[in-house]
Amino acid sequence: MIALRDALEPVAEALLRQARQDADAVTHAARRGAAQTIEDARRQAREIIDAAREQGEAEGKAYSAATRARSARQARRTELAARRDALEELRRRAGEAVRALRDEPGYPRLVERLAELAREAGGDDLVVREHPGGGVVAEGPGRRVDCSLEALAGRAVDALGAEVERLWAP
Amino acid sequence: MTVWAPLEYTDVAELRGPLVMVRGTKGVGWDEYASIELETGQRRHGLVLEVDHDLAVVQVFEGTAGIRAEGTRVTFAGRPMRIPVGPGWLGRVCDGAGRPLDGGPPVTGTADASVNGFPLNPTLREPPSEPVLTGISAIDLLTTLVRGQKIAVFSTGGLPHLALAAQIAAQAGAGGRPFTVVFAAIGLTHPDAAAVRDRLEERSAAGELTLLLNLADDPVIERILTPRLALTIAEHLAFTMGRHVLVVLADMTSYCEALREVSAARGEIPARRAYPGYLYSDLASLYERCGRVRGLPGSVTVLPVLTMPAGDITHPVPDLTGYITEGQILLTGDVSAYPHIDPLSSLSRMMREGAGPGRTRPEHVDLAAQITAALSRARQARELAELVGEGALSAADRRYLALAEAFERRLLAQREDESRSLDETFDRAWNVVSVLPRRELTMLSPEALDAGYREDG
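Residue numbers (the numbering used here), protein chains in the order written: chain A, 13 to 182; chain B, 344 to 800.
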């Protein structure tokens, strides 16, 4: 029995050695696998953190851009409203100035000239009458020519074109 | 030219929908500009749609709500609509007929011009040249926009073509040269228009943008005018003021639908899908207003954006647009990442005039061709993989699939607020082609490969 055990000793040793080697290999592989998993997890975590940081930065940038855009729009709106008010004021003063012509000595001559102008535009059959606010209005069937002072003042301001920009130009 | 005693017509025969019928008119012509004064003193504007003897039919931009036949006075301008032109448009937000929406005074200009444009002498035309950089990698690299070119964006419903159009309008530039964008929003819903306005706020505040907003509930006749207004403004900024101008027209399908509606109202014989027979020439009269003129420094580049109803590229609107434009950028739902550009169906026919040595990068055209060829091979490999499984593909085919994946992830995908410099786009492009072994890159010169190829790619 003992002889048999002795005889098998080298086999048992070889098997044991082999088993130990296998175990070592498995342990190594497991360690390598674990290290790889940890490395992968770290890289993934880094990527997630980077992506989150990038997203956060993008959101922050978008938020500040939106805030900046809102305030820029508000400033621009105020400036444009002021320009419109200036133009309206010019229109009002032009109207006033033209209405003052009624007290001028040359006003009857002006009315005559406006009546001629209205007939030239709309035909001789138009009936011309004075407008209560000054100037004339000529009317006929289906036609009308407005040469009231107020309308003329409006047309004069419209005709200024880009010159009105001098109201707000620096 | 001011008419000091304009003749007003007071015999309004009928009011119907947006139409006013005026009797007793003399010498009034089609497309003449009209102004309508209400009893209240309020002023509206319109265009003559039809004339029959002394009866003129006027379509009112603002609609006829609140108008009474009695007391309404109509004046005809004696010519088609004209608008003031000049720098006064920069930084302004107006409606589709040019009236201010930003609370400011009406836009004024040093000169005025007919919105129908002035046909350019063909012998004075210069071919498109030099790039317009959009800051969008897929466009700048593969379908480079060229100054003076017309190139369309084709999209289907549900894709963010408006966001892309707004991004291009917000980011585009001409390499430091004076650059302006005229954005004509045609038939947009209120939320879409608000989104476009927000996106373009910064550029507008910088005085580099004119925004014309025609909304879905605005009258159709105004929708027909909007692109014409945009192009008229752009032509002056380009050819008189020497700026490079990009005109974005979005969405041209809404424009064509408006054209169809007006054509039907005029009783014209309908052609394909009830669009008028002159749809091609009408679209050409808009798109052909782009270009460069000999001896003048500026350029007009036109970017029409259109949705293909039911994704049908043979629909008359994309079909006829495709005949006229010099290339297209096609958006597809098959590409999951924004901006959803299909690189194999997109093409800029003028790209060679705007890319390459002295313009962008020396290797640009070859690199773009190499990427397109590789994406095409990847598509074939994917089709093969669907039959035999990816495992059965050759190693080379698998590298091509990896390239396609890298292209979409590293180059095509881009945030809506992200503007990429040309250097960054090329850096990413070299990263993408380096996924393939160097021996596969046969379209690139050895010098270009030495400079750009990354062995660890």
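A couple of the hints might just be wrong.
If you only want the chain A side, here are some residues facing chain B, beta carbon under 10 Å, derived [stated by the list, open to error]:
# : residue
1 : 73
2 : 133
3 : 151
4 : 179
To list a few chain A residues with every Cβ distance to chain B over 12 Å, as calculated [said to hold, decoys possible]:
#  : residue
5  : 15
6  : 26
7  : 30
8  : 35
9  : 42
10 : 60
11 : 67
12 : 77
13 : 113
14 : 154
15 : 173
16 : 175
Hints were generated in silico from the structure; no laboratory data involved.
We put the beta carbon where it would ideally sit given N, CA and C, even for glycine.
Consistency of the hints with the structure:
Among the interface hints, the one on residue 73/A holds; its C-beta lies about 7 Å from the nearest C-beta in chain B, closer than the 10 Å criterion. Hint on residue 133/A holds. Least Cβ distance to chain B is approximately 4 Å, under the 10 Å limit. Below 10 Å, beta-carbon pairs count as interface contacts, and residue 151/A has one with chain B at about 8 Å; its hint therefore holds. Against a cut-off of 10 Å between C-beta atoms, the interface hint on residue 179/A holds, since the closest Cβ of chain B lies about 9 Å away.
Residue 15/A, annotated as away from the interface, keeps every beta carbon of chain B farther than 12 Å; the closest lies near 57 Å. The claim that residue 26/A is not at the interface with chain B holds, since no C-beta of that chain comes within 12 Å of its own (minimum 40 Å). Consistency note on residue 30/A: stated as away from chain B, and its beta-carbon is indeed over 12 Å from all of that chain's, at 35 Å minimum. With a least CB separation of 34 Å from chain B, residue 35/A remains clear of the 12 Å interface cut-off, as annotated.
Against chain B, the non-interface label of residue 42/A holds: every CB pair exceeds 12 Å, the least being about 28 Å. The non-interface label for residue 60/A is consistent with chain B: the shortest C-beta to C-beta separation is roughly 16 Å, beyond 12 Å. Remark: the non-interface label on residue 67/A conflicts with the geometry, its nearest Cβ contact in chain B lying 9 Å away (cut-off 12 Å). Separation of residue 77/A from chain B is inadequate, the least Cβ-Cβ distance of about 7 Å not exceeding the 12 Å criterion.
Annotated as non-interface, residue 113/A keeps its C-beta farther than 12 Å from every C-beta of chain B; the closest such distance is 15 Å. At the 12 Å boundary, the C-beta of residue 154/A falls inside the reach of chain B, the nearest C-beta of that chain being 3 Å off. Against chain B, the non-interface label of residue 173/A is violated: not every CB pair exceeds 12 Å, the least being about 5 Å. Not every CB of chain B is more than 12 Å from the CB of residue 175/A (nearest about 8 Å), against its label as outside the interface.
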